[in-house]
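These protein sequence lines are chains A and B, in that order.
Under UniProt numbering, think of the first position of the first sequence as 1, with each following residue one higher.
Under UniProt numbering, think of the first position of the second sequence as 1, with each following residue one higher.
Because the hints were derived from the structure by calculation, they are not lab data.
Positions of the beta carbon are idealized from the N, C-alpha and C atoms, including for glycine.
One or more of the hints may lead you astray.
Claimed, not checked - Computed footprint of chain A on chain B, listed as stretches where at least three residues anywhere in the stretch have a Cβ under 8 Å from a Cβ of chain A:
no., region
1, 81-91
2, 253-262
3, 395-408
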Amino acid sequence: MASRRRMLLKVIILGDSGYVNRKFSNQYKATIGADFLTKEVQFEDRLFTLQIWDTAGQERFQSLGVAFYRGADCCVLVYDVNVMKSFDNLNNWREEFLIQASPSDPENFPFVVLGNKIDVDGGNSRVVSEKKAKAWCASKGNIPYFETSAKEGFNVDAAFQCIAKNALKNEPEEEIYLPDTIDVAGGRQQRSTGCEC
Amino acid sequence: MIAAATSANNKTVLHLDPNPLLRFPLRFPLSPRSLHFPQFPFYPSSTTTLHSIRLPRLHPSTSHPSVLFCADKSIDLILKSGANQYIDFKSIDASFVCDENGRLKNVPDSRAAIFKDKSLGLTEKNQLMRFFKLVQQHLAAESDDNERISEEDLESPFVEFLKKMRLPPKIKSYGLGIVFCDLLLIWCFLGDASFCAGDVIMLDGIILYAIALADYDQDNVEVCEDVLKTKDGIDRLALYNSSVGRFPNALGAFIYPIYGHGELPQAFCRRAAVKGCIHVLRMPVIALLMDKCTGHYKGVRLSSGQDLFSHQLILDPSFIVPLPLASSPPDSLRENLQILGLGDVKRKVARGICITRRSLRPDTSNFLVVYPPRSLYPEQVTSIRALQIGSELAVCPSGMFVLYFSTLCHDATQGKKSLNAAMDSLLTLPESAHPESITIVHSENSAEVKPTLLWKALYIQELNMDQFETISSTPMPDGNLNYNNMLDVALKLFQKIYPHEEVFPETVSPENPEDDNEFGLES
């Protein structure tokens, strides 16, 4: 039971509206109608399922419930390299996450930072340099940093590999945090009450 | 839930909340420094701080002892809406019912459990078995089948039916019973007839109050405000029966959300957000905008000064809209209230919370205790329920236990009396408060020391509701253990606003994360 749960990693993506949502990847579904999506990642001969949670737009008015943050194995902070404010707000998002999710070891909780939209206008509208972003990441306990171009899918896979790897670092703790919960969805299938969603 | 259902039907929903957290109406926040009480129909009747304890940061927890039947309507709705993706549940390990001697008796949840139960006599086992069999036959039978319980019986009070079914004069007077034990038919004499009669009554107690969860004293028609009909009693038994074993790894009939009931609104809020609902927290509404000519609702004014207009306004029950004197004739209001099944009954629920460091039972930490009417004191007319939840459900710090109490009452005095009686029977007051009493308890009953109370609070909640025209109020958590009434009203409300829309219509796949393995999926 525990091993099955361990294969599933909850990853939440945070960042200012507009940079998270329209997004980090146009491979990523539009926010409205999206819930979370899953991505299979192979890491060291094991197959992991990343369950990637979108903010569903609830971050626009700081209205994300604490339930959203709970049990996250990794937090991905996203900003738009073309918008300074989205970079400045990374710190707020990181702190918000640490307060809301209250991980047991906040110093070592795995974050990943993504600088997104590097392809916009051929890179001419860029205002946050890679150096500056890396310096911030280094100051926050060497957060891994990736630059992605959602449009071309550039670096997206590398980022996900890293997310899986970092999420796994926290794995031993998970056993404490994951009690045996009731499989309500499984029960539904068994009973086939016809309430598939 | 209404926001999620409305958003799922592609309607525009704006969710405004003056509070900084997504919450339930009547959330009861436990904060290290103080207790905050919402302002409106909810007021503290007495708050006693017995010990100052430092509580670590707690998640908002709801104030009422709610559990969910596995086969509950709310579970079905949670599944149908997809909100189950955001909530985890754990089992409530056991249910107990208090007998007339103040002992807690385990409530058997299945025929196997009846068989194994050591506290039940063989006669009782047999009676319960037969009774469950009868109920099962009734439920399985076709409508005109003669295995069904007769219409006449179904309309009779459940307590009469129980007496009729399970107390043949022979057993009552002679203490004689037929018992199945390991497939051997044994005739068995129970020497003490009075013991037998007492326990048979107790058996009624188990079914009436712990499984069917009746509120009022069903044996005493004069004080019983809500006589449980056989039909409803059987329905409740059926719910109990179908709840046991619905989910493979659930132990009994009840489950409880990890992190408490505050998770449910968050799950529905996320569901709503996923469907396009916009949530704005920390945004009080300062005024309602009404049409001057018609007196109808037009919109709201926010504390930011912005005016927003909408067709419908749905309020949580902590907001009370004063009825305008001119508009909205009271007749139509009454009609609306009746549509919503709220009738004219004005009741109160007394609720209490206690925190302890030790479980009431050494072997289990999450369980339900039911005190049937008259089990604590002769004038007790309503059932009192207590729910103990341990720290593994993340509603309290590790090493502590939360006890939620509730009972229906007419006034604060009655409600407090009931809750205090239940608390006193389960808990010991701390030494600092009553140094003399603690010594008595220790010397008297050293084998079974009750957990010491660390902190408690009591309050009385009025059950009421206002509703008119295009402004609707959602119901508040009621005296029931589950959300069925709330849910029914919410569904009726939804149907009234959108008569032609389905609640959580089935949608095609991208909803389902299992179908989303392709990362390139674009919706």
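Against the structure, test the hints numbered earlier, and report the numbers of the ones violated in rising order. 3
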